[in-house]
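4 protein chains.
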Amino acid sequence: MKRNIKVERLNQRPIELQEIELVERKGIGHPDSVADGLAESISRALCQEYLKRFGAVLHHNTDKTQIVAGRSNPSFGGGEVICPIYILLTGRATRIFKGEEIPVDTIAIRAARRLLEESLSNLDINHHTIIDAKIGMGSSDLRDVFGRKVPSANDTSFGVGYAPLSETEQIVYNTERELLKLKKKIPAIGEDTKVMGMRERDSINLTIACAMIDKYVSSIEDYVQLKEDIVQHIAEYTSQFTSRKIKAQINVADDIEKGSVYLTVTGTSAEMGDDGAVGRGNRTNGLITPGRPMSLEATSGKNPINHVGKIYNLLAMVASKKIAEEIDSIEEVYIRILSQIGRPIDEPHMAGIQVVLKEGADMVKVQTEAEELMNDWLENISQIQEMIFRGELNTY
Amino acid sequence: MKRNIKVERLNQRPIELQEIELVERKGIGHPDSVADGLAESISRALCQEYLKRFGAVLHHNTDKTQIVAGRSNPSFGGGEVICPIYILLTGRATRIFKGEEIPVDTIAIRAARRLLEESLSNLDINHHTIIDAKIGMGSSDLRDVFGRKVPSANDTSFGVGYAPLSETEQIVYNTERELLKLKKKIPAIGEDTKVMGMRERDSINLTIACAMIDKYVSSIEDYVQLKEDIVQHIAEYTSQFTSRKIKAQINVADDIEKGSVYLTVTGTSAEMGDDGAVGRGNRTNGLITPGRPMSLEATSGKNPINHVGKIYNLLAMVASKKIAEEIDSIEEVYIRILSQIGRPIDEPHMAGIQVVLKEGADMVKVQTEAEELMNDWLENISQIQEMIFRGELNTY
Amino acid sequence: MKRNIKVERLNQRPIELQEIELVERKGIGHPDSVADGLAESISRALCQEYLKRFGAVLHHNTDKTQIVAGRSNPSFGGGEVICPIYILLTGRATRIFKGEEIPVDTIAIRAARRLLEESLSNLDINHHTIIDAKIGMGSSDLRDVFGRKVPSANDTSFGVGYAPLSETEQIVYNTERELLKLKKKIPAIGEDTKVMGMRERDSINLTIACAMIDKYVSSIEDYVQLKEDIVQHIAEYTSQFTSRKIKAQINVADDIEKGSVYLTVTGTSAEMGDDGAVGRGNRTNGLITPGRPMSLEATSGKNPINHVGKIYNLLAMVASKKIAEEIDSIEEVYIRILSQIGRPIDEPHMAGIQVVLKEGADMVKVQTEAEELMNDWLENISQIQEMIFRGELNTY
Amino acid sequence: MKRNIKVERLNQRPIELQEIELVERKGIGHPDSVADGLAESISRALCQEYLKRFGAVLHHNTDKTQIVAGRSNPSFGGGEVICPIYILLTGRATRIFKGEEIPVDTIAIRAARRLLEESLSNLDINHHTIIDAKIGMGSSDLRDVFGRKVPSANDTSFGVGYAPLSETEQIVYNTERELLKLKKKIPAIGEDTKVMGMRERDSINLTIACAMIDKYVSSIEDYVQLKEDIVQHIAEYTSQFTSRKIKAQINVADDIEKGSVYLTVTGTSAEMGDDGAVGRGNRTNGLITPGRPMSLEATSGKNPINHVGKIYNLLAMVASKKIAEEIDSIEEVYIRILSQIGRPIDEPHMAGIQVVLKEGADMVKVQTEAEELMNDWLENISQIQEMIFRGELNTY
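Top line first, the protein sequences correspond to chains A, Y, U and S. Note that the working numbering has the first sequence beginning at 1, numbered continuously upward. Note that the working numbering has the second sequence beginning at 397, numbered continuously upward. Note that the working numbering has the third sequence beginning at 793, numbered continuously upward. Note that the working numbering has the fourth sequence beginning at 1189, numbered continuously upward.
Keep in mind that the hints were calculated from the coordinates and are not lab data. Fair warning: there could be bad hints in the mix.
[Stated by the list, open to error] Here are the simulated BS3-like cross-link-like pairs (lysine-lysine), alpha carbons at most 25 Å apart as the crow flies: (1) U:798 / U:1157; (2) U:798 / S:1435; (3) Y:654 / A:149; (4) S:1322 / Y:530; (5) Y:398 / A:245; (6) U:1037 / U:973; (7) S:1286 / U:1050; (8) A:258 / Y:545; (9) Y:402 / A:245; (10) A:134 / U:926; (11) A:134 / Y:530; (12) S:1190 / U:1039; (13) S:1337 / U:1050; (14) A:98 / U:890; (15) A:52 / S:1403; (16) U:798 / U:1007; (17) U:1007 / Y:448; (18) U:1039 / U:973; (19) Y:402 / Y:717; (20) A:6 / Y:641; (21) U:1039 / S:1194; (22) Y:641 / A:2; (23) A:98 / Y:654; (24) Y:398 / A:247; (25) A:258 / Y:494; (26) Y:402 / A:247; (27) S:1190 / S:1240; (28) S:1403 / U:794; (29) U:926 / Y:530; (30) U:890 / Y:654; (31) S:1322 / U:798; (32) A:2 / Y:643.
Please work from the sequences and hints to get the whole structure.
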């Protein structure tokens, strides 16, 4: 089979040489991330249940989870949640197959509780959340699709990916990871963080928002001290990634004199005012990068069988990484894959690869190698699906 | 005041010279667009009510509208809606001010009904929709913000914009507009359309999805004929914008022999299986463009006073247009504006302008002029706010 | 067939000779009555649709409608509704039959809107209510039942009825009816009324609660005058039914000096604080009578095919009326009918008739006649079902 | 103070001498009972919290809890719940007092979980229920009421009570209690039971519905055997209460041959098709008795301060018991208490006491004693309120 793969040379100044870069990452306890996490964990749980019962994944898309903020009264030493966080698990899934009913809602609730435990360790799930489940049934046309051997694309849409990550991107990503580790020493750190990185030439500004947990903070003085500890730790930690100048700040909107600080009972702003939705947060590489190609598609919660909005975004990310790693002379690679509704997913309408080359690179050779690598991935697209089942690919 | 505005030259191949381009537009009746439209129309109605009652816009963000698909049974000549479309108007708004209660829900419902009438002319709002309103109150900290003269940014986030539109972008955008006009002659055209444009070098492929309205289609033959009429019309219409080769297709997933076609009762896929959410569809320029800088921020429904996620995205779009128009030697311009929570919105953390220049351009002159134009817009940022109140800026 | 019908003589002082009597009627716009009305009108609409499509009534019970109060700001001359009244149409109904889908929700919403128009003429349905529909599917076991010739009882439960109405009962019932007529002259009268009658020997006290409609009341003085007009009218009107002394009062909780009066925008207290539920209001004779046998069963919204909670209550009411009318020597008659789940509905577990006789009556004759009349009704129980379909039997 | 207390002699055949009697009790796991239990336990928890924080009970009414049935797939040895039971905790409560916010929803959820544990021991609350809380705020007028010394009646309504219980009533009541005890030996007995007693002269028919729990039943043969064991036990147990003939039956709608039996996963029919609502089940004496005076008022969940619908029903029950116990010559006593909105609750509009006397009784003496006892209760009405706070009075 001849696939429509295009490799194009891009005469573009590499990201590190551009003057300005903006990068953001929402932590795993951010309401949008939690929504993504719930959606994806439910899809994964359904996949496993379908496989166990029927040997095949049945149609579902659970990508509409909503988190409606609660109301809380945090206070140093420990406050209280006034109104619980309302979590609506929704979407569509096959509920009956070959006469057997699948307990879709029960599975979803079980998966949701587990995800919440992992993502928000200080949340009292039983009393501070309402977990509602309203998962409907899909349209019959779509359900047909799954009978075919290689599934057909469910829609006309596209996926994008690029590699490698820039220095600033790595720093932003790793800062969030490091805060989670630091939490073991400083339990006041909530999982709801947001790291915004701005690079101007060789100066990187990190603005961190971190929901502090009230029961681990005894006073305003304690709070101020903890902020300093965190900032200092992050400044030291991030210096390993760059020779650029880094300036880190945390909870910049605090007004210490007025006592207006970023304090929470549960470690997430969802307890007070901040809603969350699927697909509003990090892309599949864990980042939001307005200066790089991005897809708007919500990948979390979509079925990994025929939903090209999910499959092609993950494929583009994975393939771009591989290509950047394996082809030495590539400086940067950008991939876009376009589907057309009804076509087998291993034959995209078009797969476009743009490469920024290092000096002296042989474009003809790069072209051949990149095309081949891409073709391999498409040939074995079921690998991507299996990586999703096994939870090996992050979606946020 | 000295604002942090950076102008940078970008050595990048202009979009028209790149080999591949992907562009998408969701029509005004697409579930995601309807969600955006509802969110924005409610915010606008609230702004007007607040201004009328108190002479000032009060805090609100109504950017969480959800559309949960119904269930229908379309059939040639006219079918029926089985389960109505559930529309949840949600978000937060000031409900009491100076002892006066504002009928927030009633205002929201009124605005929503009007938007639905405009966007989905064949929808029987009374019987085919459930309009639910659950608009809460915001957190008090945020409400304080509005007392200050120039409002402070509500968050650390960014806006992006670029200009001018490429040929393919114009074609995709205008195709959707033209379908709405064509609807007057061919009433079977539903407002829920999706236009996907892919350009490979000098060949443009338009894939249109269009929800056809059953009562205006008498039979499968009629349906096939209407599709041909539409495709032919669009092919002729779009040829004015380009000398490139255009190929248009419509409803490519149809299986005419099996009678499986894209037929609806109401003109929107929300009647059957397709949910909608705010911020999942078109960006402020009306397009989704993975090869161009994009913000993930949902702009619709956010308050135009201090929500930088809205203001900076609209500002970046408007300013980039102006800069591209007024500075002759600019081929392409890309703008990114970053806020920091708590800073006045007219003093962004950074405003970055990247320019691709025409041959022979004087970068120093461009730099001065672009900076000046940007500075003017920031100086007069209340203009953007007023344009939003008056509904002069589209958000989707 | 020999049915288990028992006739028993009751040596009891007739109600008119008892010293104290308590009687209540909730008007058609009272939140509980509106809930009953919605439930019943939806059931009736479904019956008609099922009959039209399939020639038979299919399983359904729509007896769970909920009315959640809104929030309003009434004021003389016309106030506003702040939060709409939330109306949840719920229950269960057959949604698919012989492969055909029935648009259950659409039918329910249509019926609900019509009932609201009839019951609350000043309610702006489009803007002051949220009509939500969540009608599920019944259990399959119950659905089977409908195939049999004479349906089997869906449950073990009972119905009760009595006749004739006492003087006080008639007065309370008719007072509510008269207020609706008076509304044509005094449009300020809302349909949400509650009439409480207490008789102590020969003195009857009528306490009326009436939601006044603000746009038809110009001032507090106007309000006071209207109350006087209404009370005077009712005093005159009710005197026709009795030679006893009647004292009528209206809106006794008003505090005129403080301006705290019973004013509404829409004519129902559901706009502000008062929820409504099915089965909480009037019994099938239109009254609440704690001194008389009553069933707790909600009759509104239940299916008229096999739901004995509905059928037996209506049958007991109708049969007791007939028996009281046709058998001269009966002073009072009380009927109780008990079903057993699974038995044909025309063969109740027991039908008990208690009679209070006039002096000189022949109990043996009464026994024979009453048993015969009861037997006839059971023999022709489908008549009751048809009267329900045709809307000839009130349930509240 | 002279209260309006009337004592009247009733020349009525005592219940035991009437030919027919109908009595019903819904078990504590019946959906209607669970709804009552939830409503009441939430009110009690709020009372305690208000008392602890402010030394006074604040306004609330949590009498609108809804239980929407789930969907299950029971099977011998253990089946599964497909859709969870949806439980909506609703009503109104004071959420802010003297500037302090009360975590009303959190309290309600905590109380609800405890009640479910107590009432349905085999229900997996975390995975088989959705506990939603939407508790609003009351109207301000009502909130004022609580400032006065003796609260004023919130409405014009009435309470009723009678004593003593008849033999059949005792049997029905105790049968349900005994089933709960028997559950320790026969764990297959679910808490969702319904006991219907019909007495015809000297023959009592008990029809029991009992939700059997699938994991404790290995097969259809086991099921049949368990039913026999239960029936035999109940037959023996009930014989202590009467010399009349008792016939007990259980799950009469079972069709053993078809395998259609009353099996559940959780021990309640709420898992499959049976909804529950407050105020639809047992009266304050734990029974439904159509041949006795009954109030339709839902007592569970109402505030014990000024809600006469609750207070007067409990008072009428308690006072009638006391009067029947203390005044020897009374055979039966019936009490009705009527409030008028705005009057202090210790001064009802009227308290009517009807007595059926034993032969040779002295009516004048009875009249004096009964009036005195009633007057004492009204004088010390706060006792009733305290008994409610302490959970000493059952409401269902």
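Query raised in the report: Has the given pair, residue 98 of chain A with residue 890 of chain U, been kept, meaning a C-alpha gap of at most 25 Å?
Result: holds (19 Å)
Report task. Take a quick look at whether residue 98 of chain A and residue 654 of chain Y sit within 25 Å of each other, Cα to Cα. Result -> Since the Cα atoms of residue 98 of chain A and residue 654 of chain Y sit roughly 23 Å apart, the hinted pair holds (cutoff 25 Å).
**Report entry** Pairwise hint evaluation, residue 448 of chain Y against residue 1007 of chain U, where the allowed Cα distance is 25 Å at most
**Finding:** Satisfied, since the Cα-Cα distance of roughly 22 Å is no more than 25 Å.
**Report entry** Given pair status - residue 494 of chain Y, residue 258 of chain A, alpha carbons within 25 Å
**Finding:** Given pair residue 258 of chain A, residue 494 of chain Y holds - Cα atoms ~23 Å apart, limit 25 Å.
**Report entry** 25 Å Cα cutoff - pair residue 402 of chain Y, residue 717 of chain Y
**Finding:** holds (17 Å)
Query raised in the report: Are the Cα positions of residue 398 of chain Y and residue 247 of chain A separated by 25 Å at most?
Result: Answer holds: residue 398 of chain Y to residue 247 of chain A is near 21 Å, not above 25 Å.
Query raised in the report: CA of residue 1337 of chain S to CA of residue 1050 of chain U, is that 25 Å or under?
Result: With a Cα-Cα distance of about 20 Å, the restraint between residue 1337 of chain S and residue 1050 of chain U holds, given a limit of 25 Å.
Requested in this report: Please work out if residue 890 of chain U and residue 654 of chain Y have their alpha carbons no farther apart than 25 Å.
Outcome: holds (22 Å)
Requested in this report: Given the hint that residue 1322 of chain S pairs with residue 798 of chain U, test it: the Cα-Cα distance must not exceed 25 Å.
Outcome: violated (49 Å)
Report task. For the pair we were handed, residue 1190 of chain S and residue 1240 of chain S, check the Cα-Cα distance against 25 Å. Result -> violated (35 Å)
Report task. Would you mind confirming whether the straight-line C-alpha gap from residue 52 of chain A to residue 1403 of chain S stays at or under 25 Å? Result -> Holds, at about 22 Å.
Query - Pair hint outcome, residue 1039 of chain U versus residue 1194 of chain S [Cα-Cα no greater than 25 Å] - result: At roughly 19 Å apart (the allowed maximum being 25 Å), residue 1194 of chain S and residue 1039 of chain U satisfy the hint.
Checked against the numbered hints listed earlier, the structure breaks hints 16, 27, 28 and 31; every other hint is satisfied.
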